[in-house]
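If you read the sequences in order, they're chains A and B.
Residue 132 in our numbering sits at position 132 of the first sequence, and the numbers go up by one each step.
Residue 1064 in our numbering sits at position 64 of the second sequence, and the numbers go up by one each step.
Calculated directly from the structure, the hints in this document are not laboratory data.
You may find that some hints are simply not true.
[Stated by the list, open to error] One-sided and incomplete, this derived list gives chain B residues near chain A with beta-carbon spacing under 10 Å:
hint, residue
1, Leu1008
2, Gly1069
3, Glu1073
[Said to hold, decoys possible] A short list of chain A residues far from chain B (calculated; beta carbon distances all over 10 Å):
hint, residue
4, Met1
5, Ile2
6, Val7
7, Gly21
8, Ala24
9, Ile29
10, Asp50
11, Glu69
12, Glu84
13, Asp89
14, Glu136
Owing to the predicted nature of the structure, the values given are computational and were not obtained by experimental measurement.
Note that beta-carbon positions come from the ideal geometry of N, C-alpha and C, so glycine has one too.
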Amino acid sequence: MIYASVVEGVIEPTELLARVGDRADGAAILFLGVVRDHADGRPVDGMRYDAYVEMAEGVLSQIASEAAERLGTDRVAVVHRTGELEIGDVSVAIAVSSPHRAEAYDASRYVIEEIKKRLPVWKKEHYTDGTAEWVEGTVPPGTAGRASTNAVEGAS
Amino acid sequence: MTFTVNALFFAAYRDLVGTGSISVELREGATVSDLVGELRGRGAPFDVLPEEPAVAVNQTYAFMDEVLGSDDEVAFIPPVAGG
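For reference, chain B alone in the conformation it holds in the complex (with noise of 0.2 Å):
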């Protein structure tokens, strides 16, 4: 079984990468880590996204263990400069 999730780019992540939005086909029980691994894993341009990075699901802030569902919006954050 596999399911697909939508990982978003922001600000610098969205520079290295060149889009701000993919879909990304994972298998059942992935982690956000598996998630990372297997856009790192596609080589150029993700492979220059880092191996933890900070990122939300569903706009929540998470870590990387937590349990991935289909549809889930992942987003890359860069570390914040707001204000």
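The shape of chain A in the complex, shown without the other chains (with noise of 0.2 Å):
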């Protein structure tokens, strides 16, 4: 089954890998993303997860489904969070089973990689000495958009 969800409580990865694995499978995978306490050699101490959650839901699903396709099977699990992160929290939670190890891997780096290219969610990364700021993103292909963040400096 493939599963797709941008929630705003606290991720549990134990439960997200239970939704995936099948008696064909040899094979589950968990990935995590984590909130790391740097940034470009400066120490952060929390970060904020901003997202368009009706579109995000759906780009993930599609994401998702494009993994499976890969995987060449269905049992892809993935869930994303949003609001006020501290360290070591989970932001980003991937599940994927598969009879071997080698598609669920890569169904699972597809995911990851994938979502830092299109999915609608920012991150405001809170500096230890106060300030904040926006952390320079990605445009999603098939926009208009163009690399430069020239516009959002000095967003804080």
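Using the hints, build the complex out of the two chains.
Written out as structure tokens, the structure is:
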């Protein structure tokens, strides 16, 4: 089954992992994206994730379906969190299972890389000196947007 | 003939324009490009929006020449940073 969700609450990785798996599967993997305590050498003490939730759920579901197609099965589950997160909190979790490990690794990697390219989600880093900045992101394909983020410099 | 669309702003764009959404009246046949021009033409704070932002129309990524219709939801999408 394909499962894709954008949530405000804490992600429970084991619950996500339980959504995949099958008697035919010899491999199940769980990827967690975690908030770390630094960014480009600056100490970070938290992160805020904003999302265009209605669209993000659709895009996430689309990405999971594409991954399942590559995997040749349909056991892909992914959840992305929004709101204020602390160091060590899980921001994204991806669970995949398949008969053999290669497909599972490929599908998991595909999901996280596509999230980075096109999921309408943004994060603001809170630095230990009290300042905060939106993380410079990626222009999604299929739009006119340019790589330059000059227009948003100075936003805090 | 005119119609209205709902323009949405997220993350850095939301901070810049000071609101998450506004209703904008456009002339029939207007495209995403016309909407961006209309907003930027209003001056501050909308003139800080890029000339060619990434947008989604009704939750699907779109190009600047997409023709808009009544009650369309047009989201201005800053470079994304999920994960």
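Reported absence of Glu69(A) from the contact zone with chain B (all CB gaps over 10 Å): 19 Å, holds
10 Å cut-off, C-beta based - Asp50(A) kept clear of every residue in chain B: 5 Å, violated
Non-interface claim for Glu84(A), where every Cβ of chain B lies beyond 10 Å: 14 Å, holds
Distal placement of Ala24(A) relative to chain B, Cβ over 10 Å: At roughly 30 Å from the nearest Cβ of chain B, Ala24(A) sits farther out than 10 Å, so the non-interface label holds.
Verdict on Glu136(A) as a residue remote from chain B, using beta-carbon distances over 10 Å: 7 Å, violated
Leu1008(B) as chain A interface residue, shortest Cβ-Cβ below 10 Å: 7 Å, holds
Hinted contact Gly1069(B) with chain A - closest CB pair below 10 Å: 18 Å, violated
Minimum Cβ-Cβ distance from Ile29(A) to chain B exceeds 10 Å: Consistent with the label, Ile29(A) stays out of reach of chain B, its closest Cβ about 17 Å off (over 10 Å).
Assertion that Asp89(A) lies farther than 10 Å from chain B (Cβ): Since the minimum Cβ distance to chain B is about 13 Å, Asp89(A) lies beyond 10 Å and the statement holds.
Non-interface claim for Met1(A) versus chain B (Cβ beyond 10 Å): With a cut-off of 10 Å, Met1(A) remains clear of chain B, as the shortest Cβ separation is near 22 Å.
Interface-negative label, Gly21(A) against chain B, beta-carbon threshold 10 Å: At roughly 24 Å from the nearest Cβ of chain B, Gly21(A) sits farther out than 10 Å, so the non-interface label holds.
Exclusion check [Val7(A) not at the chain B interface, CB over 10 Å]: 13 Å, holds
The structure fails to meet hints 2, 10 and 14 from the earlier list, while all remaining hints are met.
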